[in-house]
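Could you put together the complete structure from these sequences and hints?
If you read the first sequence in the UniProt record's numbering, its first letter stands for residue 1, the second for the next number, and so on.
These are calculated hints, taken from the structure and not from any lab test.
Take every hint as true, because none was put in to throw you off.
Simulated crosslink set (DMTMM-like; lysine to aspartate or glutamate; CA at most 25 Å straight-line): (1) K353 with E390; (2) K339 with E362; (3) K436 with D179; (4) K129 with D100; (5) K213 with D260; (6) K339 with E320; (7) K284 with E257.
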Amino acid sequence: MGAEFCIDLLLRCRNVFHIRQVHANALVNGTIQDLVVANKLLYTYAQHKAISDACSLFDGLTIRDPKTWSVMVGGFAKVGDHASCYATFREVLRCGVTPDNYTLPFVIRACRDRKDLQMGCVIHDVVLKHGLHLDHFVSASLVDMYAKCMVVEDARRLFERMFSKDLVTWTVMIGAYADCNAYESLVLFDRMREEGFVPDKVAMVTVVNACAKLGAMHRARFVNEYIVRNGFSLDVILGTAMIDMYAKCGSVESAREVFDRMKEKNVISWSAMIAAYGYHGRGKEAIDFFHMMLNCAILPNRITFVSLLHACSHAGLIEEGLRFFNSMWEEHAVRPDVKHYTCMVDLLGRAGKLDEALRLIEAMTVEKDERLWSAMLGACRIHGNMELAEKAANSLLELQPQNPGHYVLLSNIYAKAGKWETVAKFRDMMTRRKLKKVPGWTWIEVDNKTYQFSVGDRSHPQSKEIYEMLMILIKKLEMAGYVPDIDFVLQDVEEEVKKEMLYTHSEKLAIAFGLIGIPEGEPIRISKNLRVCGDCHTFSKMVSAIMRRSIIVRDANRFHHFSNGTCSCGDYW
DNA sequence: GTAGGGTTAG
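Dropping the structure here:
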């Protein structure tokens, strides 16, 4: 068997068994001595994720060239064995082999998958040292790595410096902004098309995802039209992304339409739809959907259960939630992890069953994280249980002493209880630890335009009218006998605390924006960024009562529909 | 032989 014939056979291998046969023949007739053959064998093993076969072949090789090394580095990255990927790359450097433009993207991909920015920067130095930053694939991988490590501006700088951008790099950059800022990803999508790039399906999925993250319904409809007009078929990934987009933009009906149109559906599509009902407080429908899914012989996974439990929690379906939680391991072989416990703490906590929630936390054997304690703290806040709030808060600060958000939340809880000395203590602690809360920001869609703003913002051309309207609104609220919590809090606090508390005004601003240009009968739609400090719920309820307008608030992926002072989403606060 | 896509907990 000659080398050429051997390579031809490898090209036609359909499984690991076939590759092993070719490998055995190559050993018998000595073709394995040909490095081209050995490399091709290694590569084929790696393609089939047969990394242990690749390893034993690699270990037995007496000669290796740069390609041999790159295939191994890539093979480890492909199967997610990042430690071996790093180790092999270090070996490359140690042996004095010059890393090439094939090897580097693999190592950079490993850094990306581990979100290992530190290692990513080290590799970037290696890239520069060897002058490989001009290589298209290397630089595209670096952009992606920086983006996924959440240092988007670094990714952007690199992206802007690239000589030739292609569809892939544009897509990476659009996706990068989808995770952090907001409208920039859609701006980039427009710019990409202006520069003559025709988006493919992967690019469209990325844009759909960006609309979902932004909750931008106007853009969502546009993107949907674009997809239809350009004849993109609704495969399982694009379809699922669109379900999620419509759900997060506030229309569970449109999400369901997409779901019904999809020919192929898998556990991810079903879970996305269950989550969609959950955000919207439609717990019963989420449960019905879960049963439909089981009837279609689709096996639920961890995420399905997170979505389902969240749906129960959000709709106050306590019995059902407990039943699903208890059945997940016994009936569906899905072991509860910290996320499922967090849902349960939220479910029990909101219902006032704080002791039960605490017992659950104490009994759990999986590692506790800050979001679990945040759920507990949130429940304590609703029910005014200071004793348990302190316990939750201490665990929270122990886990994340550097997170300014926790200090702010805590001082707000103490402020509400009138414990000003403790408020001051936490403020001092923040100052001493040099922690500063990043101001929150909010956005809103009015008449198909999007406005983004933060506290004290005067960038809007109608800013003067908005502030006037805001004052009228506050006066109306006062006259109607409503005193927003924040104003009560502001009475006796120090200047610095007052400043922090004023973040909540962004919510008032959102409402003021909403009052301009929305036709009668149309709901006022507010998307609220997760990081905005404060609670928009009380305020929205009051405004909807006074203005006799319905309001939809999106708050951390939950939707709250208010009408005449009542929150109809089923959530109870 | 190298790069980009979907679901989840406060």
